[in-house]
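Trainee: Here is what each chain is made of, one letter per residue.
2 protein chains.
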Amino acid sequence: MLQASISVVIALLMGLLGVWYVLWQFKRVLSYEQGTDAMRAISEAIQEGAAAFLGREYRILAMFVAIVAVVIVVFLQWQTALSFILGATASAGAGYLGMYVAVRANVRTATAASHSLHEGLRVAFGSGAIMGMSVVSFSLIGMTVLYLLFSGSPHQLTYVTGFGFGASSIALFARVGGGIYTKAADVGADLVGKVEQGIPEDDPRNPAVIADNVGDNVGDVAGMGADLFESYSGSIIAAATLGATLANDVAPAFIGLPFLVAAVGILSSLFGIYMVIGEEWDKKAHAWLAAHPASWAPMALRVLTFLKQYVAQIDEKATLQELLTALRRSIWGASAVVLGLTLFAVLLSGVSFNYWLVILAGLIAGNAIAYVTEYYTSYTEKPTQGIAEATQTGAATTIIQGLAVGMMSTVLPVLIVAVAIMLSIWLGMKADGTLAAGLYAVALSGVGMLSTLGVTLATDAYGPVADNAGGIAEMSHLPHEVRLRTDALDSLGNTTAATGKGFAIGSAVLTALALLAAYVSAAQIDNLNLLSPTMLPGILIGAMLPYLFSALTMMAVGKAARQIVMEVRRQFREIPGLMEGTGKPDYKTCVGISAESALHEMILPGSLAVIVPLATGFVLGKVALAGLLIGATASGFLLAVMMANAGGAWDNAKKWIETGEFGGKGSDSHKAAVVGDTVGDPFKDTSGPALNILIKLMSIVSLVFASAFGSGWFNF
Amino acid sequence: MLQASISVVIALLMGLLGVWYVLWQFKRVLSYEQGTDAMRAISEAIQEGAAAFLGREYRILAMFVAIVAVVIVVFLQWQTALSFILGATASAGAGYLGMYVAVRANVRTATAASHSLHEGLRVAFGSGAIMGMSVVSFSLIGMTVLYLLFSGSPHQLTYVTGFGFGASSIALFARVGGGIYTKAADVGADLVGKVEQGIPEDDPRNPAVIADNVGDNVGDVAGMGADLFESYSGSIIAAATLGATLANDVAPAFIGLPFLVAAVGILSSLFGIYMVIGEEWDKKAHAWLAAHPASWAPMALRVLTFLKQYVAQIDEKATLQELLTALRRSIWGASAVVLGLTLFAVLLSGVSFNYWLVILAGLIAGNAIAYVTEYYTSYTEKPTQGIAEATQTGAATTIIQGLAVGMMSTVLPVLIVAVAIMLSIWLGMKADGTLAAGLYAVALSGVGMLSTLGVTLATDAYGPVADNAGGIAEMSHLPHEVRLRTDALDSLGNTTAATGKGFAIGSAVLTALALLAAYVSAAQIDNLNLLSPTMLPGILIGAMLPYLFSALTMMAVGKAARQIVMEVRRQFREIPGLMEGTGKPDYKTCVGISAESALHEMILPGSLAVIVPLATGFVLGKVALAGLLIGATASGFLLAVMMANAGGAWDNAKKWIETGEFGGKGSDSHKAAVVGDTVGDPFKDTSGPALNILIKLMSIVSLVFASAFGSGWFNF
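Residue numbers (my numbering), protein chains in the order written: chain F, 1079 to 1794; chain U, 1079 to 1794.
Hints in this document: simulated from the structure, not taken from any laboratory.
Be a bit skeptical, because a hint or two may be false.
Pairs involving identical chains hold if they fit within one copy or between any two copies, as the list cannot separate such chains.
Claimed, not checked - No farther apart than 27 Å at their CA atoms in a straight line, the calculated lysine-lysine pairs in the DSS-like style are these:
1. K1361 / K1637
2. K1105 / K1749
3. K1361 / K1508
4. K1666 / K1362
5. K1637 / K1460
6. K1749 / K1662
7. K1733 / K1743
8. K1508 / K1272
9. K1361 / K1743
10. K1749 / K1361
11. K1749 / K1362
12. K1362 / K1662
13. K1361 / K1272
14. K1272 / K1362
15. K1272 / K1749
16. K1666 / K1508
17. K1733 / K1749
18. K1105 / K1666
19. K1460 / K1508
20. K1105 / K1743
21. K1743 / K1662
22. K1105 / K1272
23. K1362 / K1637
24. K1460 / K1666
25. K1637 / K1749
26. K1460 / K1362
Quick caveat, the model's predicted, so the values are computed rather than measured.
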């Protein structure tokens, strides 16, 4: 039976391996050639804008972190505050690193795409891999170091929970701020550029074009990285905390198991990445094995050759379909490796084989949700085609149909998650006889679902790099075929992003529920009756919060976009020769306005997410807070899936029409589809994803402060 | 201390008084003059279409009722089946009667409006009063007769619950079927008539115009009547059932109290109606008192003279504002009378004074939600004006802003309901020390909120009559001032309808929660732990159902509207001289298509609402079903409020622009506003209101079958 601390040390070592890979890949991506001066100038403008925004965002967040840290020291302990600060820093660091590379990889991807599709993928995916691996390894290192640091204390895991809280706080602000930034710039650029002035997307004459590109990086790279950083940390913390409740009664290995699963997940993710862009390693390994003729070398060579069958499929002239297959295989391959290695981990830990089935259930559920997401949002399928059909009778029917598709698309993910939860609880209870074991199994299932995050995030995070590369190719007038290749990479990224979203949403629910269970145990609530006096109001208020949150973020996008529209209109009016291409647009002001309004607008929703659970816990008591959490999780899950899928479906319905269906580009149908797409923008890139974080952040705030809540001011 | 049966007999007598009033008013409305032959021809076409639709709808429902009755006999008892059939019949009867009068009052209202605004109101409101009073009195008579019939049986109240189930089933189908009918016809008529052919609304050349008018009656009159019939019955049944759990331990009066509150509510509603259209009674009363000089006559005369101050304010030249004030006063007046009389009822019953406070809380909460609803949907207020402002940047920003306003508008209603629940539970627990008393108080609060339904429904149900009258005035070329008057009545109805909606939504949540509590008690669930293995999946699945339901109903409206569009286009193409006014449109085919598709599309969502809770209860067990109910109630409440208010706000944003703001009618802003209005149509008139019924129907199905559920197929 493995000691928890041994598992934790193994996880720490794997985290360090991940950091080593990040550094290696970092050097490699930056060593690619950068292209022409014109391209570099654009890239530098994006770099500058992104760095300036993240710098200001992090300064605001530093203040927030400082205030909350003081609150934690006052109400709880300095150790939790330390963990909180470290969690916030690690998350911000991973986000910054990912963004830093992404804004440098874009111009290099454009250059590489001049050579071949695969060359472009290699650079973009390398950048995505850096994001993915730095998220998982920073998170794992942070948590394991804290765990070892506080070892011996009876509150060891309570302290580590602060790390998750720190990560969640950063995630929420980064998602909301980045989401508002990217959509305000996007909508603002389109409304004046495409609609009023009639110039194409990514046209360098549009003053908001750089802001739009910056937005992709701060929203879809840094924002998403922070989002998944907290999912990953939260799932492990929830499982370890619930494991601790079992440790005394059943086996101490329960605490270490989630760390061990995460550790093998890093190995598997590296394998998955290798399957996409591993030729270089492959060559090195062959050379090294040939030079070291040990007894096991021929065997190792045979394994490598077997694996190469898959890697080799991507050659220089690979088609889009081949690349997609390669990416899918890499995720499946990583999943297969995780399953193999976790079987070992489970056996080594000495816990029941059922827990391996739980991990399997988590991975299958994640993949199933991903499949459903793809079905509902891909334009080769009926739902999205139905929206395209509805564009024929105008914008109103387009919106109605899109909302209906979004609502309908919630059914299967909910059923999948419900089955995964029931199965996990059942397996856990069968193995160890208590409800606590069942809830631990739910948490472990979430860890399993996210174990391959290193590679799934890579397939997700390279999309914005390809998107930016396309913008640079357009603005610096590269040959049309380059743009075609970056577009192909971008659309490949959109498809694999559906997979990423499936995992993100599924794991968010499992993690939130596991954190809720951990909260209930930490707050020592003995009567969790559904009909308790404060439970019902708590559930209703909780269910309302995602609506409030979405309303605030959608209004924020609208407000910020209007400011951009005004500025772009002013520039077209006041700068002589702008339309003719002789005047130079003032990109910086647009970048500044986007940043200013995004940062301003993120404060209220972000703060609410921390203040509301605290206020509920103190005023209405810990039972009401449990109700609030379950209400928010259920309602937020539904609303998030609905918004994400409706947004994706509208986007792709428009793209389908652009392939020539229902009159093609410029037709009335297309105009109606653009309305749908614009409505979908804040749905899928601002409000929807922020809800994922909201439900986890509120749960983790509650968990951290659990010991401080009483039964409330009202006396029943 | 009052015996329960005495309270029930009092309620029965008040119900009979209500029926007497209905008959009296019925004769009175039908005795108004009908106007020209042209007007009568149109009215008869509407009568025919509405009767045909309801006839077919009721035939389908009769089959459904027969099947479910057999299921009830098999799984439960014949007594419950009998109640179920009676509940369905009484609800259908009230709906049919309301519709029967409404389609005859429309032409009479148009004629009356030729004389004066007040005259028009008198006829239209008289028709609404028939609907309101028949709903409350049919419901009360049905329940009290069954209660007395089954007296002596230990399952007396369980049997009566079947009445609520019958009423709920009819309500759901009538709301969904009627809602699909009315919006399909409306959207279909507008898309071809207004948009493609450029003819105005209610133009007799439009083949869908009669279907549109029929839709107002079958959806907004019969559908809404059935909706509130079930709210009313459900709230009383829930309170009586929870009261029975207290009867043994505390006082038997708890069972009778809700009946007593409903009984005094009938008196108060009659008073409220009197305040609007009571001159005739007033005169009669004066004459009678003068002829009977008893000792108390001078006192009674003084009271009447005092009351007349309010009634007298509505004279023949009353302005719109005066009429609105009169309507509001009548609702407040009825509320005041209810409070006075229920104080007596509570004291007579011998229960704690706290229960009177609970009723007060319910009435205040209902009024507060109504106020919030009005704030968010009225164009004199900021939220709706914000949507109008967003129309300047196109349809997409109009939709985003409208959805954001709808989401934001959920915050206060949720907080109001949460406070009402907490307060009720607290008052009940303080009075009698048990959680059961607290839950009973929640139910009683719902009864209080709906006690004045007779008059609130009247203010709601007269709107469609005025709307239809306007259509008839337009089609039969009455003088323009008549149309102006019916428009004024219509817009008055829209404002007071917000009040009605507030009560409907607030009471739906309270009733659903009370029914849930009754279910938990009836199913003898002892461990209602939030973290039970099947509870969490139940909550998630429950939260998903309103989304599934809304998706199905919105898609149904779209599908049905497309069929109407096709038929109207065909008629314009094939009937010679239709546009010129020489050809005669074929109204009947459009009426037939609307009916056909509405009836076809209502089956799936309607059946799901009954089948899903039953399947959950049998397969996953009674704890999962409790989770499902709470999840559905919370999520459905939020979605219903969001949809209703977003729809109302879009509608009024368009109307505000039509007053000349942002370019007025025909401007680009107006076009964007029309998109918002069209999206809002199924939101506010089909999907949103149907959710109210869904959550109550599922709760009552569960309550009826509570004794048949076990712990499910899975063994935890």
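Trainee: Each hint should be assessed against the structure and marked as holding or not.
Mentor: Hint by hint, here is what the structure shows:
Taking the shortest alpha-carbon separations for K1361 and K1637, neither the intra-copy value of 53 Å nor the inter-copy value of 59 Å comes in at or below 27 Å. In this homomeric assembly, K1105 and K1749 never come within 27 Å of each other (Cα to Cα): the closest approach is 45 Å inside a single copy and 55 Å across copies. With identical chains, the CA atoms of K1361 and K1508 are never at most 27 Å apart, being 48 Å at best within one copy and 78 Å at best between copies. Neither within a single protomer nor between protomers do K1666 and K1362 lie at most 27 Å apart by alpha-carbon distance, with minima of 45 Å and 80 Å respectively.
Taking the shortest Cα distances, K1637 and K1460 sit within 27 Å of each other only across copies (15 Å), while inside one copy they are farther apart (35 Å). For a Cα distance limit of 27 Å, the shortest separation of K1749 from K1662 qualifies neither inside one copy, at 30 Å, nor across copies, at 36 Å. In this homomeric assembly, K1733 and K1743 come within 27 Å of each other (Cα to Cα) only inside a single copy, at 9 Å, whereas the closest approach across copies is 33 Å. When the C-alpha separation of K1508 and K1272 is checked against a cutoff of 27 Å, the pair qualifies neither within a copy, at 60 Å, nor between copies, at 65 Å.
Proximity of K1361 to K1743 under the C-alpha cut-off of 27 Å is found in neither arrangement, the shortest distances being 46 Å within a copy and 71 Å between copies. In this assembly of identical chains, K1749 and K1361 lie within 27 Å of each other by CA distance neither inside one copy nor across copies; the values are 51 Å within and 63 Å between. For the identical chains of this complex, K1749 and K1362 are neighbours neither inside a copy (53 Å) nor across copies (64 Å), given an alpha-carbon limit of 27 Å. Taking the closest pair of Cα atoms, K1362 and K1662 never come within 27 Å of each other, the shortest separation being 49 Å inside a single copy and 85 Å across copies.
When the C-alpha separation of K1361 and K1272 is checked against a cutoff of 27 Å, the pair qualifies neither within a copy, at 48 Å, nor between copies, at 70 Å. For the identical chains of this complex, K1272 and K1362 are neighbours neither inside a copy (49 Å) nor across copies (71 Å), given an alpha-carbon limit of 27 Å. In this homomeric assembly, K1272 and K1749 come within 27 Å of each other (Cα to Cα) both inside a single copy, at 12 Å, and across copies, at 20 Å. Proximity of K1666 to K1508 under the C-alpha cut-off of 27 Å is found in neither arrangement, the shortest distances being 61 Å within a copy and 64 Å between copies.
In the homo-oligomer, the alpha carbons of K1733 and K1749 lie at most 27 Å apart both inside one protomer (12 Å) and across protomers (25 Å), since each shortest distance falls under that limit. Within a single copy, K1105 and K1666 get their C-alpha atoms no closer than 29 Å, and across copies no closer than 75 Å, so neither meets the 27 Å cut-off. In the homo-oligomer, the alpha carbons of K1460 and K1508 never lie at most 27 Å apart, since the shortest distance is 41 Å inside one protomer and 57 Å across protomers. Taking CA atoms no more than 27 Å apart as the test, K1105 paired with K1743 passes in neither setting, with 42 Å inside one copy and 62 Å between copies.
Proximity of K1743 and K1662 under a CA criterion of 27 Å is satisfied in neither setting, with 29 Å inside one chain copy and 40 Å between copies. Proximity of K1105 and K1272 under a CA criterion of 27 Å is satisfied in neither setting, with 38 Å inside one chain copy and 64 Å between copies. Proximity of K1362 to K1637 under the C-alpha cut-off of 27 Å is found in neither arrangement, the shortest distances being 53 Å within a copy and 61 Å between copies. Within a single copy, K1460 and K1666 get their C-alpha atoms no closer than 43 Å, and across copies no closer than 34 Å, so neither meets the 27 Å cut-off.
Proximity of K1637 to K1749 under the C-alpha cut-off of 27 Å is found in both arrangements, the shortest distances being 23 Å within a copy and 21 Å between copies. In this assembly of identical chains, the alpha carbons of K1460 and K1362 never lie at most 27 Å apart, being 46 Å within a copy and 67 Å across copies at closest.
The structure shown violates the earlier hints numbered 1, 2, 3, 4, 6, 8, 9, 10, 11, 12, 13, 14, 16, 18, 19, 20, 21, 22, 23, 24, 26.
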